[in-house]
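J.: The lines below spell out each chain.
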Amino acid sequence: MSDKINTGDVLLDVKNLNVRFYSNGREMKAVNGVSFNIKKGETFGFVGESGCGKSTTSRAIIRLLAENAKIPSGEIIYKGQDILKLSNDKLRKIRGKEIGMIFQEPMTALNPVLTIKQQMYEQFIGTNMTKAQKEEKAVEMLRLVGIPSPEKRLKEYIHQFSGGMRQRAMIAITLAANPNLLIADEPTTALDVTIQDQIIKLINKIKDQLGMSVLLITHDLGVISQMCDRVAVMYAGYFVETADTLTLFSVPRHPYTKGLIDALPSTDKKDLSLKPIKGTAPSLADLPSGCPFAPRCPYKEDKCDAELPEMKEISPGHMVRCHFHEKLKGAQGLISIDEEGDNNV
Amino acid sequence: MDVLNYILKRVLQMIPVFIIVTILIFILIRAIPGDPAMVMLGERATPESLAALREKLGLNESYITQFLLYLKGIVTLDLGDSIKFNMPVVDLIFSRVGTTIWLTIMSTFFTVIFSFIPGYIAGIKKDKIPDQIIRLIALIGLSVPSFWIGLVLLTLFAVQIKIFPVSGWGDTFIEHFVGLILPSITQAIGVSAILIRNLRNNVVDIKNSDYVDFAKSKGISQFRISAFHIVRNALIPTTTLLSLKIIAMFGGSIVIENVFTLPGIGALLVNSIYARDYAVVQGIIIMFVIVVMVINLLTDIIYSILDPRVKLS
Amino acid sequence: MNKKAIKINVSLIIGIIIVGIALIMALFPSMFTNYDPEAIDATAMLAPPSAEHIFGTDNYGRDIFARVIYSARIDLLIGVGAMIIPFFVGTALGIISGYYGGKVDAFLMRVLDIFMAFPYMVLAIAIVAITGAGIKALFISMWLVGWKEYTRLVRSEVLVVKNSEYVEAAKVLGYNDLRIIVRSIIPNVLSSAIVYGASDIVMCMMSGAAMSYLGLGVQSPTPEWGAIISGGKAFLSIAWWITIFPGIFLVVTGLGFSLIGDGLSDKLRQKGR
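Chains as they are written, first to last, in the working numbering: chain Y, 1 to 345; chain P, 1 to 313; chain C, 1 to 273.
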């Protein structure tokens, strides 16, 4: 896994991204100095609690933010151009065709009064496809995502689909534009466990088939482990740890990551009780001046309240934002491996 | 086929309501104090003419017989004669209803003109200056009585600047059209205020909806997003409300036709009350009830056409 | 504080000020004018606005300003009086219909259907035909027409609240229906009825004035805005002031109640969030 990570071409490079929301005269620091890149054919994951800024970060990539949001600084370099500096017309050419997005809840993300066909055909605007080609492509997309009798279902509305089929339909619409990067915002959260599994497998399969990159947003480490090559853990608008998935699960170095992993129900562990992280995340309108996780951190020292730690690379590709990450050295992850990285689950 | 079945079902459901309503109207008209013949002809009527009218109205029969005759009349479209106009009520209504129908159609047209664009702008510009202005205007529009704004418009555009007729609607099609402009605008003001508020709130909800975000994420043009995702969806409840408000405008003709002296059904109703021409009053009320029921039914059908989620059942 | 909260207070405050002034006019009209609203003055017929008669006079030489001021009493009475009975009756029926459901609900909904079959003005006019024109006819017709909106509104709210956890809990605890309705249902459904009530006052005032305009409500010489406007219609081309001034008072008073309704509904929506 790790050799692939280091050699791939960078598709998207986000540098020092900041997003602020303004409401009722208050400033909310939703995303703070986030930097990451996504390589071709790679699945990159954001994980964190709801409200940690992971959705906002992903939406900022195609500038799909609420009216009261501002991006005071940062760069989002996609194929050599900064998306934040693009005109609206150029941005529209990136949206859909280059970077597609799927949402958590297809029932609300698809227009209830337009057919699947009408919504899929919007992806073909500006192409010189004939009517027959559009029809063919649309049917092919539904077939690709595993919707039976696609010719018939194309003419239906989203409310006529069942839960899992809805998510498939939305994926089909997004993929109809052949994006190079798919942003999947909690694509499985609203689904039953069995259907969740089907959708995960579907995205993985299509990703390999089409050679796409995927940016996955989830609060579920389980989903991360099934899909992602690399992961960023987000907390209060900050990246607190990034690493390849295996490293993150085996040698987590940020106390928050460790807490998330400990909170997972696992049959591997002898102790079957769940250990939730105590306390709640700070308000984005009123972040502490030091480490944002300090108030909940079991390893906290005075320095943590005083000074925001920098993102430090502690081993190739493994970055962590913690003054005392050394304390977690040797801590037990979900998967036990030795420091060389050989897997022995 | 579904729609036909549905219409049939609804019409069957309407029958009991309609029967009860006709019974109520029957009782209402008979509840008018005094001898109806005397009331109609006045204090100084001769005993002969009173007896003749009683005979004609069937007042000498028992209430049961009267009621059966009345029901038979409704079914056979024979609602008796107008005393004032000395002609069958049904013929009288048909000769007048055209004005009211045209008034309602033109009022609906102006309502659409006045409400759809401002409502959309207010929603898109929520809490910004255009929204504040449009909302204030709509709020004032809600508080303006139609008979007064009608008289104000008359004073301005018929009395001071003589663009429109002060009363009536002339004889030719063009005169009819010109004569209905001020009355229709008057009708449209109050209804537009209601629709603007409704449409604005729909647009506010929809422009922040997931499906508009999803449409944006597809990179389609702002125009397409507005037209096919925001406006189209926001207009569904507004159109439904408009078709219900058509009933109110049809009823509003009672006031408007008085203000602009139009020869429609509303003016006829008021004048028939003054003239105690109760056969006409009864006939018009029955007609209004039928119109209300038909428009309600049409509203449900339109709603189901506009919104595929709504099933007729 | 934040901008939004200030804006809400503005509509509510302006509304309350307007309605407050109207109320003072209704209670103490003689504070505003020395003229008798019904006093005929043959020497000053159809006089245009002047220092003596600031709103002019009508065809009987009656002072329009005095008539407009004295009208506030009867118009407010119509607005509030026509709204208050349907408010209580309609809300009560809505609670009963929604809470008990079943046959009671089905019956009430059929009655509602029947009343829905009449356009408002048509029913009002039918009643006037029976009782004869006058304020009594006005109230009876509005009471008969007004309740159904409250019933529909409250019923749909009750259906939501009824299935909420705290009502279920109250039932499990064995509280009787009356206690559940008073403690849990009414506080939750009343606010939307009150917001509707504010706009209903406007509608009642407008309809009352319209009926009086048609000569079916308040009768001259009693001062009432709609009736004054009606009296001015014949003199539109020579004495616009008879028609224009009472209308402005009607609009502004209506706007006052509308602003209160808007302010209240914004406040309640915020509270709900």
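Honestly, the hints are just simulated from the structure, not real lab data.
Where a beta carbon is used, it is the ideal one built from N, C-alpha and C, also for glycine.
One or more hints might be untrue.
[To be verified] Subject to a maximum C-alpha distance of 25 Å in a straight line, what follows is the list of computed BS3-like cross-link-like pairs (lysine-lysine):
(1) Y:K152 <-> Y:K131
(2) P:K128 <-> C:K267
(3) C:K233 <-> P:K162
(4) P:K126 <-> Y:K70
(5) Y:K90 <-> P:K162
(6) P:K128 <-> Y:K93
(7) Y:K205 <-> Y:K117
(8) Y:K29 <-> P:K126
(9) Y:K134 <-> Y:K97
(10) Y:K29 <-> Y:K312
(11) Y:K70 <-> P:K207
[To be verified] Covered by chain P, according to a simulated footprint, are these stretches of chain C (three or more residues, beta-carbon under 8 Å):
(12) 14-23
(13) 59-70
J.: Determine for every hint whether it applies to the structure shown.
T.: Hint by hint, here is what the structure shows:
1. Y:K152 <-> Y:K131: holds, 17 Å
2. P:K128 <-> C:K267: Holds, at about 19 Å.
3. C:K233 <-> P:K162: Holds, at roughly 17 Å.
4. P:K126 <-> Y:K70: holds, 18 Å
5. Y:K90 <-> P:K162: Status violated; Cα separation ~55 Å.
6. P:K128 <-> Y:K93: Distance ~30 Å between K128 of chain P and K93 of chain Y Cα, so the pair is violated.
7. Y:K205 <-> Y:K117: Status holds; Cα separation ~23 Å.
8. Y:K29 <-> P:K126: Between K29 of chain Y and K126 of chain P the Cα gap is close to 24 Å, so the pair holds against 25 Å.
9. Y:K134 <-> Y:K97: holds, 15 Å
10. Y:K29 <-> Y:K312: Distance ~22 Å between K29 of chain Y and K312 of chain Y Cα, so the pair holds.
11. Y:K70 <-> P:K207: The hint holds at about 18 Å.
12. 14-23: With 0 residues in contact (Cβ-Cβ under 8 Å with chain P), the coverage given for the region 14-23 of chain C is violated.
13. 59-70: violated (count 0)
In summary, the structure is inconsistent with hints 5, 6, 12 and 13 from the numbered list given earlier, while agreeing with the others.
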